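Participant: Residues in the sequence shown are numbered consecutively from 499, following our numbering.
Bear in mind the hints are in silico, worked out from the structure with no lab data behind them. These numbers come from a predicted model, not from an experiment. Everything hinted at is true.
Distance condition first, Cα-Cα at most 30 Å in a straight line; then the derived BS3-like pairs of lysine-lysine:
1. 606 with 515
2. 557 with 516
3. 607 with 557
4. 554 with 628
5. 557 with 543
6. 543 with 621
7. 607 with 679
8. 625 with 557
9. 607 with 515
10. 625 with 515
11. 584 with 679
12. 668 with 630
13. 584 with 557
14. 668 with 628
15. 702 with 662
16. 679 with 557
Quick list of the computed label-pair ranges, beta carbon to beta carbon:
17. 554 with 671: 49 to 55 Å
18. 661 with 558: 20 to 26 Å
19. 574 with 660: 21 to 27 Å
20. 563 with 643: 40 to 46 Å
Quick reminder that beta carbons are idealized off the backbone N, C-alpha and C, glycines included.
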Amino acid sequence: MNLHEIMERRHTVRKYKKQSLSQADIDAIIQEVANLNQQFALSMKLITNEDDLLSKFAKLFMAQNASNAILLEGQDDEKLGYSAAKLMLFVQERGLNSWFIGGTYNQKKFSNAKAIIVIGYGKNIGKPHKSKAISQVSDYITEMPEWYLAGIQALLLAPTVLNKQNFQIKYNEGDPILDVKVSDYSGLEKGILKYYFESISKHKLSSN
Numbered sequence: 499m500n501l502h503e504i505m506e507r508r509h510t511v512r513k514y515k516k517q518s519l520s521q522a523d524i525d526a527i528i529q530e531v532a533n534l535n536q537q538f539a540l541s542m543k544l545i546t547n548e549d550d551l552l553s554k555f556a557k558l559f560m561a562q563n564a565s566n567a568i569l570l571e572g573q574d575d576e577k578l579g580y581s582a583a584k585l586m587l588f589v590q591e592r593g594l595n596s597w598f599i600g601g602t603y604n605q606k607k608f609s610n611a612k613a614i615i616v617i618g619y620g621k622n623i624g625k626p627h628k629s630k631a632i633s634q635v636s637d638y639i640t641e642m643p644e645w646y647l648a649g650i651q652a653l654l655l656a657p658t659v660l661n662k663q664n665f666q667i668k669y670n671e672g673d674p675i676l677d678v679k680v681s682d683y684s685g686l687e688k689g690i691l692k693y694y695f696e697s698i699s700k701h702k703l704s705s706n
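From just these sequences and the hints, can you work out the full model?
Facilitator: Right under this line is the structure:
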């Protein structure tokens, strides 16, 4: 399964089986988190079997058995987002599911986290999020290269806050530029989007 196929299969999952992560999965995730922490000078960590992971509202009305997560901790939001994208696809490839959360986790208990990624064995595989058209997020025309189109298609698969896809990309004579609507999570979103675009197009994506 190639990376684009993994992106296509990865969807938000909020309800999980009441099943602890296997030791093999724990070890693999801890190692991947450590590698990214070292590469980008971050402080992310995996927590497991945590009953107070989410806000009371999320626990009551949104989630089920969500007790494992990667805490996105560090000073650079964009690098955190970039790492988050890689981690969500990493766990997907291992047969786990994930849920990127910007606000409905227990922020009092996990005050150092900018966001979290809930992970576990889903009760379902989720479903594709509603997506904008290529023309709504880009300046793509058929005369532009295939790598640019492939990168945009990857962007539309990426998780964004509330799945709003509040971004625009411009070809810029082959040096593409990303613009993300300013919010508390725009730095994280830039990182996630950059990973999706760059890993598929094999071209650098700068941002405003």
